[in-house]
Each structure stands twice: as C-alpha cells, then as structure tokens.
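> Please work from the sequences and hints to get the whole structure.
In order, the protein sequences belong to chains R and L. Here my numbering is used: position 202 in the first sequence is 206, and no number is missing along the way. Here my numbering is used: position 71 in the second sequence is 115, and no number is missing along the way.
Worth flagging that the hints you see were computed from the coordinates, not collected in a lab. Nothing here was measured: the structure is a model prediction, and the numbers come from that model. Incorrect hints may appear among the rest.
[What the hints assert, rightly or not] If we take Cβ atoms under 7 Å as the criterion, some of the chain L residues that face chain R in the derived model are:
1) N239
2) Y340
3) A343
4) K363
5) Y364
6) V454
[What the hints assert, rightly or not] Calculated from the model, a selection of chain L residues having no Cβ within reach of chain R, i.e. all distances over 12 Å:
7) D85
8) N91
9) E104
10) R169
11) V171
12) R224
13) Q252
14) Q256
15) Y268
16) A281
17) V284
18) P287
19) E292
20) K440
21) D464
Positions of the beta carbon are idealized from the N, C-alpha and C atoms, including for glycine.
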Amino acid sequence: MNMSKVNTLTLAALFLALTILAVPSARADMLVLTGATVHPVSSEPLENATIVIEEGRISAVGTELQWPSDAEVVELDGLHLYPGFVHPATQLGLTEISSVAGTVDTNEMGSINAALRAEVAINHDSYLLPTTIAGGVLTAHVMPNGGLIKGTSAVVNLDGWSWEEMVIHSPVGMHIEFPVAAVDDENNEDLKTIENVLDLARHHDQAMQAAERGDAPAPARNSQLEALAPLLRGEQALYLRANRYDVMEAALDWAADQGFENVVLMANPDVQYLAERLASDGIPVILRNVYAMPTRRWEAYDMAFVAATRLAEAGVRFAIADSGSGMDIANARNLPFQAGTAAAHGLDKADALKSVTLWPAQILGVGDQLGSIEVGKRASLFAATGDALEPMSRIERVWIDGEEYDLSRDHGRSLYPRYRERNAEVQSR
Amino acid sequence: MIRQIAVAGLVAALALTSGTSHAQWTPDIESWNSPKPEQPDTVLFRNATVWTADEAGILEETDLLVRDGRIDAIGESLRAPRNAIEIDASGMHITPGIIDAHSHAAILGGVNESSRISTADVRIRDVIDPESINIYRQLAGGVTTINLLHGSANAIGGQMAVIKLRWGDAPDDLVIDSARPGIKFALGENPKQSNWSNDNPRYPRTRQGVAQIIMEKFQQAAEYQQAVDSAPRGRSARDVVLPRPDHELAAIAEILSGERDIHSHAYRADEMLALMELVEKFGVQIGTFQHVLEGYKIAPRMAEHGAGGSAFIDWYAFKYEARDAIAFNPALMHEAGVLTGLHSDNPELARRMNLEAAKAVRYGQVDEHEALKMITLYPATQLRIDDRTGSLEEGKDADLVVWNGHPLSVYSRVEQTWVDGRQYFDRAADQRMREELEQERAELMALALDQGEESDDTASSEPAEAEAPPGMRSFAAHLTSGMPQHSHLHGFAAHLVGYRKSELSHDDFCLFHFE
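Laid out in structure tokens, this is it:
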C-alpha cells in the first residue's frame, strides 16, 4: 500500500472522531435517521425516507416527515435501513471457544433439565456478540440444549450490560426433544421418562394449587416439576424438537395426545414433507438450516435449499434459523444469507426477509416489539450498503433500542484497521 | 429392467440429437448409472456476461466458443462453426469453474492417518472416491476442481491429489497429472494433539516441538536423498547394500528438491513464521498456508516468502487458535500481495463457494472480479494448474459455470457446469432426473408390493432384492453395503440417511461440530 492510502485512512479516522465528538451537542431525546431507503418489512420499501426515534422506540416513519431543529440528525444517503435480524434459535452467549470446555455452557447433563433458564448463563461480554451484531443480527432467541426436557429459552437483545438487562422476553417456551427411537416404539424409555415427568408435574401442580387453597398440606418443593407447570397449564409454548419427518410426525401426534396446544416445531429441512399438516394444524416452524446436506443421499441436491419455499407454498408460518449449535453459534451472522439462498430457490424475496425478521419475532411472541420498522417498535435497526440478504452488502451502522452501537467492538472491525495500517507501514519501508 | 430401458432410451435420444439442438443427457443419482456427458466438437455460448478471471475482465454481451473441450474463442458475435451446439446465454453470467483448494469430499476410508507424526508416504491418490455424491452436488454449485487433502493430525501429512470433478470416471482419470505434487502439513493444536490423543502418547505436545520434528525430518530426508544419490550405480552397485527405499523420506526429499509443494494447515502467526523460517534454511518455498487464520498479521512476510494463503473466510472461535480469525483476513492478505484463495474444507459449504467470495467483497471491499478470482484463478495458481484451468482464456480447458444472475449474488443459481467441455451439471437435466426417479420409485414400489404378496410364505431371510431384476440388485446392494453407522459422527450429520462414509468424512481435528 502506498502512503496516500495511509493518509486517507488517517483522515477517515479523524473524520470519525469529529463525528463522535459532535454528538453530545444535539438534542438527546430525538434521533432522526434520514435519506436512506427504509425497508419496513411490514410494508413496501420507502426511498429517501426518514425514521424518527424517541426513547428507544420508533415514533415516526415516512417520506414527508419534519423534525425539530435541535434533534440529532443522521444522514444516510445511499444506504438501506432494515430492522435488525431476529435469530430464531441459537446458543449465542452460552459459549465462547467451542473446543475449550471451560467456556462452553450449552449442554447440561442429564435427561430432565426443565428448571434450567438459558439466559442466566449468557455472558454479556462474550466476544461473539459484537461480531454477530456487526452482521445485523441484533436480537436472538437463546435456548438451552441438554437432555430430553431442556429448559426454557429467552429472547434477548444481543447488547447489554448484563443478561438481566438484555432479556426482552422470558420464558419463551419449554424445550423438549422428541426421542428418535420413539418413532416406532410406544415403550421407548426416553419417551416414558418424559411422560412420567410430565405426569408428576401435573400432580405436583394440582397439589400446589390445593395447598394454595388451603385444602391440603404443601408438597415438597421440586424445582424441575414446578418449572413445567406453566407449560402444562397452557401458559407457555412447547418448543418441540425433531429432525426427520417421521420423527416430527410422531412428535406432533404425541404433543397433541399430551394436550399441548401452543406448539412451535424446531426442525431440519425434512419439515417440508409435513408442510400441509403443519399448515392445517396451524403449527409454526423454526427451520433449522437452509445450508444443510439433503437428509437422504438420494434426494435432490437442493432439497434443503427449497425447504422454506415448500413451507411458504403450503401456508406454514415459519422462521429461518441455523442449527443454533456447534460452528453455527459463532457464525450466527450468516443467518440472512440462508434466507437469501432460500430465495434463490423459489422463496419470494420479501418473504425471505420476513423469515429472519418479522416472522421469528411473531413466532417468539415479540412481534409487537421487533421484526419490522413500525411506529411503537424498538428502534433496533441497521444501515447497509445494499440488499441486506446479499453477502456482498456491508453493514455500516447499527442502532439498538435507539442507541448507536460502536461497531469497532467487533473483533474483526477492530483488528482490521490496525493490521491494515501495520502491513502498509511494513511494506512502505 | 426399468433402468435398462431408461438407459436405452437415453442412448437413442443422444443418437438422434445433432446439429444445434442440445443432447437430452440425463444423469442418475448414482454416477455409475449416469452416462458420461459427451464432449461436443463445438459449443457456442451466446450473449453472456463473461467473467474471465483474466486481464480481459468482465465482458458483457459476449460469446464464448468451446472446441474439443478447450476454450477456442471469446468475443462479440462469434461465427458459429458447422454443427456447433448453440446455447442462448442471454441474461446469464459465465465464470470459470470454481476451484476448491481444500477438500476432503471424495476420500475413501478416512481422512486422517493419525498414527505417526509424519505420514509423508501415504497418498490420497490411492483412495479417491469418484462416485461420491458430493462430487455431483458440488458440480451443482459450480465447482469443477478440488484439492483432496489429508486431515491435520500430523505435522507432515500425506500426499494430496488435485482432481477434476469428472464424476463417475475411474479414480486415476480424475487426477490432474500436470498439477504440482503437494503434501499436507499441519501446525498448531491438531498435530500437537491439544483436543484429541492417540492411545500411545506421541511427540510433540508444543508448537516448538512441531517445528523441531519437521526440521528433523527434513534433515533425515536430505541425508537419505544424499545416500540414494551417491549410491553406486551399474556394475559397482553389485558389491554394496543400497539404501533401503523409504517412501516417507523420499516424499520429503521431493519437498527439498522443489518438486513437491507444502500446503500447510496453519492458524497462528507464530507457527507460520516458524515454518517459513525453517524451510528457508533448506531453500524451500511454501506453496500455501491452509486456513491461514492469522495470515493478515504477517501478510507482508508471507508475500516476501512467496507463500499463498488459502483461507476460510469467516469461521472463528471454534478453537483457541481460531480466536483472532477475522473475516477481513483474505482482503488484508490480498492487499499485501499474498496470492489469496478461499476454500471450503466442508462438502456442504463447497456447494456455495460463490457466496464465500461475495463475503470478501463484504469484509474489506475486495473488488468483485478479484473476489471471484479467489475461488478460481488464484487457487488454480496455488495448485500450479493455472496453465489449464482457473480462468476463461483461449486454449484453457473448458471448465465453466453458467449462472442465472450475478455470480456473487445470493439470489443466483447455477444452471450449467462444464468440465473439459462436457456438461456435467445441467439444472434442466437434474429436473428430468427427479421425475424419472420419482416414476421409477413408484414402479418399484408396485413391484415390491406384488412380490410381497407372492412370497409371503417363503419366509426368506433375503430381502426382496434377491428377486429383483439384475440391475436392481446391484443398485440395492450398492446402497446397503455402503450404509454407514453414523455413531462416530458429530451432530451435523447424525440424522443423515443412506450416505456412504466417504461422503461424510471430514477432518475431525479441524472443525468441531458439537451438538
């Protein structure tokens, strides 16, 4: 690199510093983002539009807006504003370096972990979070992953000073894995274990209620059984997990037998084979991975790529996720590209965008707060250089609840300028 | 029977096709039952946007003529030779076939020979699986050439094989013989066994030890080669004991003589510096660092040495040594003058390498055409096959991809993939295959149900296939004999059905898939 490039870099850094210095002088309680193409998701894109943000919420969206002269105004000409992506199922915050056991809190041992709450182990300073945010994923549904009954999940802001502050909605639901072997075995031991625990929990809940009425002495406390009470009373969703369509089918039958009415199915691309049933039963789906090998060797090469399209065609409510585990945790930032690939294989582009914004928000019970750019919603947004599902686009600025996020907190964005300058310096010697 | 009829029909269809219409080639889900795509004398792609990955740049509304499997001409309004197959590529984009410089997608019998610290004597060439379904699916993603490498269990691994994706040909016929011989090395956590172990403890356990053992092997190989070279020949050889052939040291000696390139798995800056310093003492230049996660920290040093960088673009945080992996790495290496490519290391990811290139635009604003070169020309150059493939230039092999849109766009799809001027993937043919398979499945089900009624009381322990027509039997036997038990696999593959072990094998020590 030559010296003029280095000078440009220095100038750019100086300019950035000046911008930041200028902020405090503007009116603190109103932020105006203007000049960008706004993609509300819930409606058609608006060119050269404005978003007004007050107290962390969107207070106005439009093309003909006016604002007080002392409002803080951010010009975003040429950029595209999107609502933050909502990750429908991940374990972000629960792991740091997956091969270093001490940093991994994803999978508890044992079969019954109903009383576990995923959010209490979220490391709010996990270095994976800024990188995920820099990819436009601003909100995530963080789930537990150990055993048959895994515990409850939470929707969290990916930025915050503590997990308590990050939580937007908790508990979202109770996570149960349907045992694969139970698909053709009514006496499957794992399934019996789940059913026995649910029965115990029902009795325990009855006993607790009787005690509250003063009809009986209180039973011994049992945190695992008590944690299941909201699910059994129908106050909490069942997040039912299964991979392979026959297992999913058995799982859905089982959930119906158990009387669960509020079910969300978390499933791999095989779920497309149950699309009609899911549509008629009104069961929403979290599709775990568009980027997957076809389940069966003899299936078409694009079997996983078309799964979302098949769900959409049948009228199933769905959201697109990654596997939410393993390597996908650190790379949750690639979520939008999975939706993009689904669009390359038949999914309507607008639906692809919804499948990683508005639809997951609605399925997770936070559709009134997140997932679109609408008045009253949280101002969690990002500005990109182009279509947000395109890997070629760059994300330039991020706001979470109306506060601009410092993207240099992303490990990559902090090391990039440092080493770029260093390498140029070495090579100019 | 049904298959034989189908094949006969296909042959008839091929025979009938001539002139400007396109042959109705239809593949099968099994390579051994797929007719090898013919190589037409001439194919003329009309009116495409041609991404040459060459100095010619991106050419709009351009024709591309293929003759006898080579690119014959690129230009506007080319004259069609007699009987040329013409393909209207209006609105389409044509790029060179994608080259994946780090793959384990078609290796039989395991990727890691994890016994010794140096296994320079083992050869991927002996264990190529040309029938892997991964090959077909990667063709469907526009990949035409892959570098099959051993895993990263050993400081000095085995000999690699660069293959073209001539799906279903004999193993040796996939190998690009003109590629420079290469060998896998590995540094860091994997060879020092940080996250795994053999039954018997194995030296080394530190990065210093990895560097030392490589040094020692180089010295041994140099002495071995000297002994071989100085051994008497002809008459005088009768009276002495000649050096015992040592395939391990012979392969390492080829590194020292510059005949074999090192492609070294490496993450951290320190270990890469140590290897560069070490090989420089022997006058050796490293071919590439593979994964090269911290390449950006020492990019000027790599450029000075002449080592290429073959990178994941955005994997990080799966091991401690991947902590400082950043997606800007390829852009930074490229900017510093390192010959930079992007690879998959994963048979699923390999199906969408164009999007990995797109991320080089996202992270560090690499020019789009340069980003495309990171999955075509630059890996070809790293593997020393750029005289044959990697860009669209007159005289090069007709390895090319037809996309239905911008090749780096997430919304684009591969329509056709050509290898040596043979169309190995065609989306339309793939659709026909699905319909034929569906029909065949229905017919077989009917057949199986019929036979089930007939043989109810025979209590045969043999499955229905024993009664099936000859073609069927081999089909079923092939499927079941290769059916792996997946208990050894990590989460990502646990629910997959019917795959052969080779199709799911990967470098267990490189990527961690915890579920």
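> It remains to establish, for every hint, whether it holds in the given structure.
Hints and how they fare:
1. N239: 5 Å, holds
2. Y340: Given a least distance of 5 Å, the restraint on Y340 (chain L) holds.
3. A343: Hint holds; A343 (chain L) Cβ to chain R Cβ min 5 Å, cut 7 Å.
4. K363: 4 Å, holds
5. Y364: 5 Å, holds
6. V454: 3 Å, holds
7. D85: 29 Å, holds
8. N91: Per Cβ check, N91 (chain L) is outside 12 Å of chain R; nearest 22 Å; holds.
9. E104: 19 Å, holds
10. R169: Nearest chain R Cβ is 25 Å from R169 (chain L), so the label holds.
11. V171: 20 Å, holds
12. R224: 28 Å, holds
13. Q252: 21 Å, holds
14. Q256: 24 Å, holds
15. Y268: 37 Å, holds
16. A281: 53 Å, holds
17. V284: Consistent with the label, V284 (chain L) stays out of reach of chain R, its closest Cβ about 52 Å off (over 12 Å).
18. P287: 42 Å, holds
19. E292: 30 Å, holds
20. K440: 27 Å, holds
21. D464: Holds, because the least Cβ-Cβ distance between D464 (chain L) and chain R comes to about 21 Å, which exceeds 12 Å.
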